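Top to bottom, those sequences are chains S, P and B.
So for the first sequence, my numbering puts the first residue at 1; every next one is plus one.
So for the second sequence, my numbering puts the first residue at 258; every next one is plus one.
So for the third sequence, my numbering puts the first residue at 491; every next one is plus one.
Don't read these hints as lab results, they were simulated from the structure.
Incorrect hints may have been included.
[What the hints assert, rightly or not] Simulated pairs of lysine-lysine, DSSO-like, Cα-Cα distance not exceeding 27 Å:
1. LYS210/S / LYS275/P
2. LYS390/P / LYS662/B
3. LYS381/P / LYS662/B
4. LYS210/S / LYS336/P
5. LYS587/B / LYS275/P
6. LYS437/P / LYS365/P
7. LYS662/B / LYS336/P
8. LYS390/P / LYS365/P
9. LYS662/B / LYS365/P
10. LYS435/P / LYS336/P
11. LYS437/P / LYS275/P
Note that the structure is predicted; figures quoted are calculated from it, not measured.
As a plain string of letters, each chain reads:
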Amino acid sequence: MNNADYALEAKGLSREFGGFFAVRSVDFRLARGSIHAVIGPNGAGKTTLFNLLTKYLAPSAGAILHDGEDVTPLAMAQMAQRGVVRSFQISAVFSGLSVRQNLELALLRPAGIAWNLLGLVSRRPEVAERANALMHQFGLVEYADALAGNLPYGRKRVLELATTLSLEPKVLLLDEPMAGLGREDIGRITDLIRAAGKGRTLLLVEHNMKVVAELAERITVMVRGEILAEGSYQEVSSRSDVMAAYTGQTGAGAAHG
Amino acid sequence: MAETLTVDRLEAWYGDSKVLHGMDFNIRAGEVVTLLGRNGAGKTTTLKAIMGLMERRAGSIRVDGAEIIAAAPYDIARKGLALCPEERGIFSSLSVRENLLLPPALAKGGMTIAQVLDLFPNLKERLDSQGTKLSGGEQQMLALGRILHTGARILLLDEPTEGLAPVIIQQIGRTIEKLKALGFTILLVEQNVAFASGLADRHYVVELGRVVDEIPGPELDARLDTLKTYLGL
Amino acid sequence: MTMIFGVPAAVLYGQLLLGLINGSFYAMLSLGLAVIFGMMNIVNFAHGAQYMLGAMTAWLLLNFLGIGYWWSLLLAPLIVGASGLVIERFLLRRLYKLDHLYGMLLTFGLALMFQGIFTNAFGSSGQPYKIPPLLSGGSNLGFMFLPNYRAWVIVASLTVCLTTWYVIERTKLGAYLRAATENPMLVQTFGIRVPRMIMLTYGAGVALAALAGVLAAPIYQVGPTMGVDLIIVVFAVVVIGGMGSIMGSIVTGFMVGLIEGLTKAFYPELSSTIVFVLMAVVLLLRPAGLFGSKPEPAGAAHQEKLEIAGPNPRRQMIAFAAMAALFALAPLVVYPGFMMKAMLFALFACAFNLLAGYGKLVSFGHSMFLGTAGYVCGHAAKVWGFTPELAVLAGTAAAALLGVASGWLAIRRSGIYFAMVTLAFAQMIYFVALQAPFTGGEDGLQGVPRGHLFGVIDLADPVNLYGFVLAIFLGGFFLIMRLVGSPFGLVLKGLSDHEPRAQSLGLDTARYKLVAFTLSAALAGLAGSTKAITSQIVTLSDVHWSMSGEVLLMTFLGGVGTLFGPVVGAFVVVAMQNYLASLGQWVIVIHGAIFVLCVLAFRRGIVGELIAFAGRRTNRGGAPAHSGPGH
Chain S
1 MNNADYALEA KGLSREFGGF FAVRSVDFRL ARGSIHAVIG PNGAGKTTLF NLLTKYLAPS
61 AGAILHDGED VTPLAMAQMA QRGVVRSFQI SAVFSGLSVR QNLELALLRP AGIAWNLLGL
121 VSRRPEVAER ANALMHQFGL VEYADALAGN LPYGRKRVLE LATTLSLEPK VLLLDEPMAG
181 LGREDIGRIT DLIRAAGKGR TLLLVEHNMK VVAELAERIT VMVRGEILAE GSYQEVSSRS
241 DVMAAYTGQT GAGAAHG
Chain P
258 MAETLTVDRL EAWYGDSKVL HGMDFNIRAG EVVTLLGRNG AGKTTTLKAI MGLMERRAGS
318 IRVDGAEIIA AAPYDIARKG LALCPEERGI FSSLSVRENL LLPPALAKGG MTIAQVLDLF
378 PNLKERLDSQ GTKLSGGEQQ MLALGRILHT GARILLLDEP TEGLAPVIIQ QIGRTIEKLK
438 ALGFTILLVE QNVAFASGLA DRHYVVELGR VVDEIPGPEL DARLDTLKTY LGL
Chain B
491 MTMIFGVPAA VLYGQLLLGL INGSFYAMLS LGLAVIFGMM NIVNFAHGAQ YMLGAMTAWL
551 LLNFLGIGYW WSLLLAPLIV GASGLVIERF LLRRLYKLDH LYGMLLTFGL ALMFQGIFTN
611 AFGSSGQPYK IPPLLSGGSN LGFMFLPNYR AWVIVASLTV CLTTWYVIER TKLGAYLRAA
671 TENPMLVQTF GIRVPRMIML TYGAGVALAA LAGVLAAPIY QVGPTMGVDL IIVVFAVVVI
731 GGMGSIMGSI VTGFMVGLIE GLTKAFYPEL SSTIVFVLMA VVLLLRPAGL FGSKPEPAGA
791 AHQEKLEIAG PNPRRQMIAF AAMAALFALA PLVVYPGFMM KAMLFALFAC AFNLLAGYGK
851 LVSFGHSMFL GTAGYVCGHA AKVWGFTPEL AVLAGTAAAA LLGVASGWLA IRRSGIYFAM
911 VTLAFAQMIY FVALQAPFTG GEDGLQGVPR GHLFGVIDLA DPVNLYGFVL AIFLGGFFLI
971 MRLVGSPFGL VLKGLSDHEP RAQSLGLDTA RYKLVAFTLS AALAGLAGST KAITSQIVTL
1031 SDVHWSMSGE VLLMTFLGGV GTLFGPVVGA FVVVAMQNYL ASLGQWVIVI HGAIFVLCVL
1091 AFRRGIVGEL IAFAGRRTNR GGAPAHSGPG H
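Bound conformation, chain S alone (with noise of 0.2 Å):
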C-alpha cells in the first residue's frame, strides 16, 4: 500500500466548534522522514489541524492514520507510545518539578519504570544519566535544579523540546516552537530543531517565514480551515494566491473559502 511512505495521514478530517468549521475536509499527508511545515494566517486552523493530528482534539468527521494504520480512535497519551510526540504552543513544562526532574519525568516511561511506586528515581543510573546527558546537549545544565516554572523563557522552550525529544520520536509535532522567542533565541532554537529533525518526521505550525524556509523541505498553506497550497518553498511561496493570502491582495484562489 502507498500509505506505508506516510508517517501520518488525514483523510476528510474536520472539526467543528458550534457551528463555525475551524478544520474542514482536510487530506493531508506528512511523508516519513520529512520536514514539513503547516503556515497561513492567523486563524486559518494550523493549530487545531495539529490538536487533531496529537489526538488532544477529537474530529469532527474523517480518519487519522499513523504508519497506515486508523489511529482516530486512540488518545494523546496511545499516540505518544506509538512514538508520535508532541510539543504545544504555550510552553508547557512541568513548572513546580526543576529542570531536571522533567527531563527524568519524561524519560520514565520509555525506561519502563512509570510504574514503580516505591524506588527512588535519583537511584535509577539510566534515567538520571540521561537526563544529565540531555541537559548538556541542551545547554541547561546551570538551570538543572531551578523550577521550571521559573526559567526565563527561551529556557522553557528548549526545555520543552529537550523533553519532547527526550522520547526518542519517531514523527515529532513542534506547535510554533519560535512563538514569544527574541531573535537570539530564534537561531538558537532553529538549529536545534535542525538536529533533532535528522533521522525522523518533523511537523511544525509556524510563522516565521525565514524559519520555515530555512528548515522545511515541504509546505502546507493553510486558509480558512483548509488547505490552499503545497510544496517546496519555492513553490509556495511563488504562488500568486499564498501571497494573496497573506497580503490580502486579491488573488485568484483566495476568492473561495
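Put chains P and B on the given structure of chain S with help from the hints.
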C-alpha cells in the same frame, strides 16, 4: 491636528515573557493609522495594553493629554476608547440584538442603532439569532457595530479582515472609510497589507515589540518590498 | 384506601409534597450557587450557612425586635446580602487570580465561623418559628390535605426562581451578567465596572440563600446547623445539573426533590442516599451534568508554587529518623493518649496530602475512608474476633475498595467539581453509617477490643499500644515518603502541573490518578482502623463531613504538598482541640478563622513557609526569584 493618542516607551508582559519592548507612536484626531508586522510582533498586545487588558504594563499612554497607563479598562473606555478584539468577542449566551446593545453609551455623539444597522444591513434580519450563530463576516460586523453607538471616538480594530472572504473584506474596508469620514480616529492592526494600504494615513511597522519604521500611506506601494522583508515574506 | 403500586395514595401525595418543598429549597440554593459560580468561579461553601443566617435573622428580628415574618422576608435577605458584599469586597476579591479551590476553602472557613458563632450564642438545638397567621391552616384538596404555608413556599420559590431566570435571561441587566460570565475583560472595555458587578452578584446570590432561609424557618427548626447538610445535597444537585444553566439548576432542584419524595414513598431506606446515587449515575453517563456545564476553568496558570525543587532523599531520611526518635521518646514528657491521637490524625492528613498536595486533587470527603475503615476494623475485632493486625488490615482493605469505587467516578471531574463529588460521596457513606445495623447508629460502635497483636502482644498494655501506633504511623509515613520520591510520585506531580503535557509524553493520567486516590484512601483507612483499636470506639463523627474539614485544615495549616506539613498541622489542630476544649464551639470558630487566614495570607502553610524562608536564605542565584504574572 492635535495628537489624540500618544504611546511612549510602552512595555507589556505575559507572565514572565516580555512582549512589548518600548512601543512609541501617536495618532492624530481623525486619522486612520495601522500597525503592521508579522504574527507575534506585539500588535494585538499593543491594543490590549492601550485598553488596559494587560495585567503588567509600563511606559506612558495618553489620551488627549491624560495619562491612562494605570487606569482600569472601564475607566479607559470612558476616555472615549473602544476595542474590537481579534477574536471578535461575540457573546454566545446573548442574541445579536443583546450583543449590539450591550455596550452602554458613555458619551454623546455616538451613532444611533438605526444608523449602525444601516451600516450593516445584514445584521437587521439576524437580530434574534444567537450571537455566535452568525457567519464570521457577520460576527465581525457585529463586533464593530456594537462599539459605534457608545460615543467612543477612538476605535482600536484588531485584524477585522482575519479569516474573511474578499467580498466581506471589501465591505469592511468601505465601512472603515465611512467611519473615517464621520470623524472617528482609528488604530488598525492588520496583516492584510493590501487592505491597510488603501485605508490608512500612516503605517507603523512593528517588530519584536518595537516600532521599527513609519511609512506614510501614499508611500506604501512603493515600499512594498521593504515591507515584505519586515513581514518575513 | 387507594393504593398506588402498593403505597397508600395519601402517603404518596404527602411525600410528593414534601419532595416539592425540598425541591424548592434545592432549586433556590443551587440557583444562587450557579449565579455566583458563573460570575466568580467560586463554589460558595458558605451558601448553606448564609441560608441559616437568613432563618436566624428572621428569628432574631422576631424575638428581639418584634419584627414579623413579612418584614423579615424583605429585611433578612437585605441584611445577609449586605454581609455578602463585605465578604466579597474584603475577602473573595483577593482570590480571583488563584486556583478556584481557594475560594471554596475560604468560604468553607466562613461557614464554620458562622455556624460556630451562632451555636455559641444560641445553642445547637433548633428554635421554632411560627407560621404567619395569614398562612396558617390548610385546604383539603380531596385527595390530600395541603397546608397553606407549604403551598406558599412552593409558589414563592417558583416565583423567585422564575423571576431570577427572567432577569438573567431576558433583561439588559441579565445580558451584562451573561456577558461578564463569558468574557469579563471584554465587558470592562465597554466601560462597565465588572468588579462592582461581581460584588453585587455575590450579594444577590447570598440574599437569595437568606430568602430561602426565611421561607424555611416556619417549616424546619431554626438552628445553626440547618444549612450544613442541605448544602451538601445541593452540591450533589449542582453536579447532577451542571452549573452552566440557570433553568437547569431550577429544573434539577425540583426534579431531585420529587425523586427524593418518590423514594421516600416507595423505598424509604434509600431516601437519604438517592441524591448521591443519582449523582454517581450522572457522573458515569454524562460527566458534565444533565444541562451541560461551564467548562472547568484551568487554574494551573496562576497556581501558587508550594514547593521548592529537588527534595533531597538523604535529608528526608535524617528528618524521618529524627521524627521517629522524637515520637518514641515523647511519652516521657507528653500524655501518650495525646501523642497517639495526634499521630493517627497525622497519618490521616499525610494520606490526604498524597492526593491533595502531590496530585492536586483536593478531596472534601476523606472522612469516608477514615470512618469506613474504623467501622470495618471495629466490627472485625469485636464481632468476628479478628486479632488487631487482621482487623486493621480488613479496615484498610475496605477503605481501599471504597477508594477504587469512589475514585473511579470522582476522577472524571477535577478541581472544584472533584471536591463537591467527594464531599457528596462521603455524605452518602455518612447516611449509610447512620442507618446500617452494625455501626450502632448515633451511639457508635462501642467496646472495640484491643486484643492481642498476632495473638501474643497484649495491646491493653499502654507501652505496647503506643509502640503499635508508633509503628503504624512511621510505617505509613515512610511509605508515603517513598511514594512521593518514586517514579510514580514524579508522574503524579507532573500530571497535576500540566495534565495534557503528561499525556503528550505517553502517560495514561487517569490510571495514575486512580491509583493515587486508592492509595490515599487505603492509608486514610489505615489511620481510621488503628484509631478504632486505640480509642475502642467508632462514632458517626468519624464519617462526618466535619472530619473531612479537619483533615483539610491540618494539611493546609501545616503545608499542603510538603512531606512534614500535615504532621505539624495535625499536631497543632489536635493540641488545639485538647487544650481549648473548654472553649466549646469557639474551637470551630477558630478552625474557620484559621482556614480564612491560611487562604488569604498563608497559603504555603507552616512547613511550606519555613521551606520557602530557608530557600530564600540559601538561594545561590541559580534560580531567579519567582515572579508570577500577578506581580
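task: Mind checking the alpha carbons of LYS662/B and LYS336/P for me, to see if they're no more than 27 Å apart?
output: holds, 23 Å
- prompt: Keeping to a limit of 27 Å between CA atoms, is the pair of LYS662/B and LYS365/P held or broken?
  reply: Given that 27 Å is the threshold and the Cα spacing comes to 20 Å, the pair holds.
query: Regarding the pair LYS390/P and LYS365/P, is the alpha-carbon distance no greater than 27 Å?
result: This hinted pair is violated, its Cα atoms lying about 31 Å apart.
27 Å limit on alpha-carbon distance, applied to hinted pair LYS587/B and LYS275/P: Satisfied, since the Cα-Cα distance of roughly 20 Å is no more than 27 Å.
message: Please verify whether LYS437/P and LYS365/P have alpha carbons no more than 27 Å apart.
response: holds, 18 Å
Proposed proximity, LYS336/P with LYS435/P (alpha carbon, max 27 Å): holds, 22 Å
- request: Mind checking the alpha carbons of LYS210/S and LYS275/P for me, to see if they're no more than 27 Å apart?
  value: holds, 22 Å
task: Given the hint that LYS437/P pairs with LYS275/P, test it: the Cα-Cα distance must not exceed 27 Å.
output: Not OK: LYS437/P and LYS275/P at ~33 Å, beyond 27 Å, violated.
query: Is it true that the CA of LYS381/P sits at most 27 Å from the CA of LYS662/B?
result: holds, 19 Å
query: Between LYS210/S and LYS336/P, does the CA-CA distance stay at or below 27 Å?
result: At roughly 41 Å apart (the allowed maximum being 27 Å), LYS336/P and LYS210/S break the hint.
- request: For the pair we were handed, LYS390/P and LYS662/B, check the Cα-Cα distance against 27 Å.
  value: holds, 20 Å
Comparing the model with each earlier hint shows violations of hints 4, 8 and 11; every other hint is respected.
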